[in-house]
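Participant: Residues per chain, in single letters:
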Amino acid sequence: MKNLSIYVHIPFCAHKCIYCDFYSITKTADKEKYLESLLREIEFFAEKYSNGRKVISVFFGGGTPSLMETEYILKIISAIKSRFRLEPDAEITIEANPGTLEKEKIQGFLSAGINRLSLGVQSFDDGELEFLTRIHDSKTAEHAVNEAFGYGFKNINIDLIFNLPAQTKSKWKNTLQKAVSLPVSHISAYSLILEKGTTLYKMVTDKKTKISGQEFDADLYETAINFLAENGFDQYEVSNFAKPGSECIHNKSYWNHTEYIGLGTSAHSFADKKRWWNYSSLKSYIEAVKKTGNAVSGFENLTEEQLLQEYVMLSLRSVGINIEELKNKYSGEWFPRNRKILSEYEKGGFISFGSGIIKLTPQGYAVCDEILTRLE
Amino acid sequence: MNNFRNFCIIAHIDHGKSTIADGLLAVTGTVSAREAKAQLLDDMDLERERGITIKSHAIQMKYKASDGENYILNLIDTPGHVDFSYEVSRSLAACEGALLVVDAAQGVEAQTISNLYLAIEANLEIIPVINKIDLPSAMVETVSNQIIDLIGCDTEDIILASAKEKKGIGEILERVVKKVPPPKGDINAPLQALIFDSVFDPYRGAIAYIRVFNGLLKEKDAVRFFANSKEFLAEEIGILGLSKIKTKELSAGNVGYIIAGVKDVHDTKVGDTVTLARNGADKPLPGYKEIKPMVYSGLYPSVSDDFEDLRESLDKLRLNDSALVFTPETSAALGFGFRVGFLGMLHMEIVQERLEREYNQNIVTTLPNVEYHVYTKKGIKVVVDNPADMPSVGEIDRVEEPYIKAQIVTPSEYLGNIMKLAMDKRGIYKNTSYLDPTRADIQFDFPLSEIIFDFYDKLKSTTRGYASFDYEYTGYRESDLVKLDILLNNEQVDALSVIVHKDKAFDYGRRVCSKLKDLIPRHMFEIAIQAAVGTKVISRSTVKALRKNVLAKCYGGDITRKRKLLEKQKEGKKRMKQVGNVEIPQEAFLAVLQLEE
Numbered sequence: 000m001k002n003l004s005i006y007v008h009i010p011f012c013a014h015k016c017i018y019c020d021f022y023s024i025t026k027t028a029d030k031e032k033y034l035e036s037l038l039r040e041i042e043f044f045a046e047k048y049s050n051g052r053k054v055i056s057v058f059f060g061g062g063t064p065s066l067m068e069t070e071y072i073l074k075i076i077s078a079i080k081s082r083f084r085l086e087p088d089a090e091i092t093i094e095a096n097p098g099t100l101e102k103e104k105i106q107g108f109l110s111a112g113i114n115r116l117s118l119g120v121q122s123f124d125d126g127e128l129e130f131l132t133r134i135h136d137s138k139t140a141e142h143a144v145n146e147a148f149g150y151g152f153k154n155i156n157i158d159l160i161f162n163l164p165a166q167t168k169s170k171w172k173n174t175l176q177k178a179v180s181l182p183v184s185h186i187s188a189y190s191l192i193l194e195k196g197t198t199l200y201k202m203v204t205d206k207k208t209k210i211s212g213q214e215f216d217a218d219l220y221e222t223a224i225n226f227l228a229e230n231g232f233d234q235y236e237v238s239n240f241a242k243p244g245s246e247c248i249h250n251k252s253y254w255n256h257t258e259y260i261g262l263g264t265s266a267h268s269f270a271d272k273k274r275w276w277n278y279s280s281l282k283s284y285i286e287a288v289k290k291t292g293n294a295v296s297g298f299e300n301l302t303e304e305q306l307l308q309e310y311v312m313l314s315l316r317s318v319g320i321n322i323e324e325l326k327n328k329y330s331g332e333w334f335p336r337n338r339k340i341l342s343e344y345e346k347g348g349f350i351s352f353g354s355g356i357i358k359l360t361p362q363g364y365a366v367c368d369e370i371l372t373r374l375e
Numbered sequence: 000m001n002n003f004r005n006f007c008i009i010a011h012i013d014h015g016k017s018t019i020a021d022g023l024l025a026v027t028g029t030v031s032a033r034e035a036k037a038q039l040l041d042d043m044d045l046e047r048e049r050g051i052t053i054k055s056h057a058i059q060m061k062y063k064a065s066d067g068e069n070y071i072l073n074l075i076d077t078p079g080h081v082d083f084s085y086e087v088s089r090s091l092a093a094c095e096g097a098l099l100v101v102d103a104a105q106g107v108e109a110q111t112i113s114n115l116y117l118a119i120e121a122n123l124e125i126i127p128v129i130n131k132i133d134l135p136s137a138m139v140e141t142v143s144n145q146i147i148d149l150i151g152c153d154t155e156d157i158i159l160a161s162a163k164e165k166k167g168i169g170e171i172l173e174r175v176v177k178k179v180p181p182p183k184g185d186i187n188a189p190l191q192a193l194i195f196d197s198v199f200d201p202y203r204g205a206i207a208y209i210r211v212f213n214g215l216l217k218e219k220d221a222v223r224f225f226a227n228s229k230e231f232l233a234e235e236i237g238i239l240g241l242s243k244i245k246t247k248e249l250s251a252g253n254v255g256y257i258i259a260g261v262k263d264v265h266d267t268k269v270g271d272t273v274t275l276a277r278n279g280a281d282k283p284l285p286g287y288k289e290i291k292p293m294v295y296s297g298l299y300p301s302v303s304d305d306f307e308d309l310r311e312s313l314d315k316l317r318l319n320d321s322a323l324v325f326t327p328e329t330s331a332a333l334g335f336g337f338r339v340g341f342l343g344m345l346h347m348e349i350v351q352e353r354l355e356r357e358y359n360q361n362i363v364t365t366l367p368n369v370e371y372h373v374y375t376k377k378g379i380k381v382v383v384d385n386p387a388d389m390p391s392v393g394e395i396d397r398v399e400e401p402y403i404k405a406q407i408v409t410p411s412e413y414l415g416n417i418m419k420l421a422m423d424k425r426g427i428y429k430n431t432s433y434l435d436p437t438r439a440d441i442q443f444d445f446p447l448s449e450i451i452f453d454f455y456d457k458l459k460s461t462t463r464g465y466a467s468f469d470y471e472y473t474g475y476r477e478s479d480l481v482k483l484d485i486l487l488n489n490e491q492v493d494a495l496s497v498i499v500h501k502d503k504a505f506d507y508g509r510r511v512c513s514k515l516k517d518l519i520p521r522h523m524f525e526i527a528i529q530a531a532v533g534t535k536v537i538s539r540s541t542v543k544a545l546r547k548n549v550l551a552k553c554y555g556g557d558i559t560r561k562r563k564l565l566e567k568q569k570e571g572k573k574r575m576k577q578v579g580n581v582e583i584p585q586e587a588f589l590a591v592l593q594l595e596e
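Taken in sequence, the protein lines are chains A and B.
Start counting the first sequence at 0; every next residue gets the next number (numbering that gives the first Met the number 0).
Start counting the second sequence at 0; every next residue gets the next number (numbering that gives the first Met the number 0).
Derived by calculation from the structure, the hints in this document are not laboratory data.
Please note that a few of the clues may not be correct.
To be verified - Derived list of chain A stretches under chain B, where covered just means 3 residues or more per stretch with a C-beta under 8 Å from a C-beta of chain B:
hint, stretch
1, 35-41
2, 207-216
3, 251-262
4, 309-319
5, 356-368
As the list claims (entries may be wrong) - Straight-line Cα separation of at most 30 Å, BS3-like style, residue types lysine-lysine; simulated pairs:
hint, chain 1, residue 1, chain 2, residue 2
6, A, 326, B, 563
7, A, 195, B, 561
8, A, 339, B, 573
9, A, 346, B, 552
10, A, 251, B, 552
11, A, 195, A, 170
12, B, 457, A, 272
13, B, 516, A, 207
14, A, 251, B, 563
15, B, 262, A, 201
16, A, 272, B, 567
17, A, 251, A, 346
18, B, 552, A, 207
19, B, 404, A, 47
20, B, 516, A, 201
21, B, 552, A, 104
22, A, 177, B, 552
23, B, 569, A, 346
24, A, 358, A, 272
25, B, 543, A, 326
26, A, 272, B, 561
27, B, 552, A, 206
28, B, 543, A, 207
29, B, 572, A, 328
30, A, 206, B, 561
31, A, 339, B, 563
32, B, 572, A, 170
33, A, 209, B, 61
34, A, 209, B, 516
35, A, 1, B, 572
To be verified - Selected chain B positions facing chain A (in silico; Cβ < 7 Å):
hint, residue
36, 238
37, 239
38, 548
39, 551
Even for Gly, the Cβ is constructed at its ideal location relative to N, Cα and C.
Please put together the full structure from these sequences, using the hints given.
Facilitator: And the structure:
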């Protein structure tokens with residue numbers, strides 16, 4: 000029986016942050032219609048993909064999924080449970096904004112079967128949070144983590160962002176320090192991505208603020224990797240760190256070619272060597288689901304070569320390329336073809352070759368994409 | 000023969016050569032107004048776009064003059080760019096007269112003067128015409144005086160015209176008939192016909208445009224071309240109307256074409272003489288020259304695998320461009336490619352553009368250079384058309400480079416700016432004369448290498464577009480020249496080597512290093528960029544090692560976006576050229592052309 004992960008996108012946000020280019024909407028009036036659409040989509044994809052598959056993870060991402068009424072979340076989980084084979088120990092995650100996480104919400108999520116909480120903390124520096132136009136301050140974030148842990152969430156992730164304008168190394172270190180002092184088992188540390196179309200992008204092009212170059216970015220990244228390692232968080236992907244055994248199952252599905260079904264606006268899916276994605280606009284999504292039960296706006300069939308390239312790309316940025324597995328699943332030629340350049344990278348200290356697995360070193364993670372463009 | 004008149008038009012770009020020609024065709028009824036597409040004589044797309052005439056053609060008109068006689072007028076078009084000055088001289092050689100057309104608002108320009116001198120050398124009767132007299136900005140008197148100073152005519156000899164309004168066209172025709180002498184020649188002498196142009200037709204092969212000086216050419220005659228002694232059968236001959244008009248014969252004094260199953264325009268060389276295979280002339284007409292390229296550049300396929308494709312395209316292009324010369328060469332940096340010789344920068348641009356547009360070739364071009372004569376201490380002369388082939392410093396006795404004589408016509412207030420520019424370009428001042436109190440004609444000698452890149456642009460910008468410029472090649476002179484190499488992590492990039500004057504080497508090296516620093520992407524190691532003369536490093540810069548290149552997040556499982564990005568980046572890497580372990584973007588090879596001061 001194949002593993003399957005399910006992603007549920009909740010596009011609603013209380014407000015749009017300056018760096019965010021996700022499809023999210025601040026108007027929440029359509030929540031009920033959205034719920035109906037999600038439920039219909041579950042029906043639709045269950046027909047096709049529930050057979051022979053067991054669901055190992057469900058992830059509510061956004062947007063701000065915690066803005067969705069708890070009963071709606073419960074309904075979605077129930078629908079998944081009734082239409083798919085949801086494993087009893089499946090990881091069920093919800094993303095939440097520390098600023099809107101009341102006690103009732105926490106308890107509601109727990110009773111709905113959610114067992115992992117991902118908090119969009121971003122920073123423990125109030126100046127930075129204000130700059131990012133987040134609606135919470137560091138005290139609120141700290142409180143949210145403690146509350147969630149107190150009420151029973153044993154698996155908590157916090158998202159952090161580095162290379163913010165005006166961020167210093169010591170500010171970043173303070174944020175990391177605070178993070179590891181809290182009862183969290185997982186930390187995602189993302190380098191700020193300047194996306195076109197965001198308010199921040201305009202601020203930078205208008206020269207109202209400045210983002211440091213790759214030297215400083217790399218320094219902060221290195222700081223994070225080393226500091227988190229010292230504090231018991233192992234890097235298992237470019238931006239993801241976990242205490243042993245607390246790696247995010249859902250995240251790993253993306254990296255190890257596990258199939259996943261994405262529900263909701265702009266959600267992406269991967270199954271039967273196909274990738275497809277939904278409409279981004281709420282209106283188109285709801286209309287499409289109403290008409291056809293799904294809202295697929297585009298798809299691609301992956302060739303064997305593309306699958307191989309994906310496998311290399313995804314495993315290199317996470318747990319490493321298992322040479323034996325790659326050979327059995329895709330191609331025996333890939334490794335000999337790249338052996339020379341790989342050994343150069345090994346010499347340069349960018350990768351290690353432990354026990355048949357090509358894994359990036361901390362220094363290598365920083366230049367992962369560069370290495371990928373050179374592998375054939 | 001007495002009723003033939005062969006003439007051409009000398010004019011600066013935009014002074015109205017084409018509109019005058021159109022006017023003549025319309026008044027003589029050669030072309031109906033409906034057929035008269037604007038600027039009939041320029042029929043290559045590229046020429047139309049650039050508004051310049053690149054290849055010359057000819058057209059025949061019938062004209063009944065006021066003396067009641069019927070005349071045959073052959074108007075021979077001349078190329079309008081200095082790159083093609085030899086072709087101009089051959090077109091002039093086919094004529095007995097020339098219209099000197101000057102724009103009433105612009106006055107005499109450098110190109111007018113240099114082509115006028117060629118016409119005077121060829122003993123042509125000059126008929127001065129001031130065109131565009133209807134322009135509000137026309138200064139007829141000033142321009143008249145300029146012309147009088149130049150050719151020593153009288154005011155009343157100058158025809159005032161406005162070709163657009165069809166004013167003065169009749170007068171021009173009358174003057175041509177009266178003033179231009181009829182061709183001299185002997186119809187009973189052995190055939191001598193001058194090829195003044197040739198074009199390639201994919202179905203008919205090379206078509207030579209000829210002026211018959213002596214004898215008679217008949218259809219199906221066996222003919223011989225002097226330059227290569229090859230014989231062909233004159234399958235078709237004729238005159239040039241709006242299109243080709245087949246005739247049975249072409250006699251001395253006339254202008255027409257010959258199609259003789261020639262597969263290659265190199266067999267119908269401009270300036271060559273056609274005679275009969277049997278009982279032919281023993282001597283060709285004077286003035287034939289092998290045209291030699293003045294500027295060389297490396298042309299390489301963007302993707303190395305496309306080398307054979309590029310060769311094929313160049314071969315095809317060569318069929319209708321007799322000035323194009325190329326030989327295969329290899330570069331450590333760029334792989335297999337060609338060293339291509341051009342008549343000048345315009346010719347080079349045209350070839351590049353045609354390769355890209357008509358033949359879909361993606362090419363990398365190296366910095367153009369002239370041909371150097373290097374004399375070694377052992378007394379051997381080495382001809383260097385690729386800086387990478389320069390002998391090493393220790394072996395060299397002296398180096399010579401080609402010089403040109405430049406003519407710049409400018410409003411006198413810009414003299415200072417031009418002097419400064421000329422000094423920057425190693426110009427040697429020769430002489431200034433005034434066309435009128437406000438316009439000067441200055442002469443300089445320049446090393447050709449100094450004017451092939453950006454001289455004209457700089458001249459235009461330093462004179463707000465008012466100066467015009469023309470030049471002619473004068474010969475080789477010794478110069479203090481050195482080869483400057485560019486090294487990346489101690490590996491020499493052969494395609495970036497240049498030959499520069501010793502005094503300019505340091506500055507050039509510094510600018511190239513700084514430009515390359517911006518153009519070469521960061522690698523996973525540091526890259527030292529060095530400019531060196533011999534073993535002496537004169538400038539350096541560093542591309543720092545790449546520290547970070549990784550997408551932090553694959554949003555919501557959007558792997559497609561990430562994979563496509565990666566595929567695109569890989570494609571980009573493939574187009575890079577590799578020297579040692581450094582990858583160089585293709586733009587870098589030409590970007591050295593655009594060095595900021």
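Participant: Run through the hints listed earlier and report the numbers of any the structure violates, in increasing order.
Facilitator: Numbers 1, 12, 15, 19, 25, 32, 33, 35, 36, 37, in rising order.
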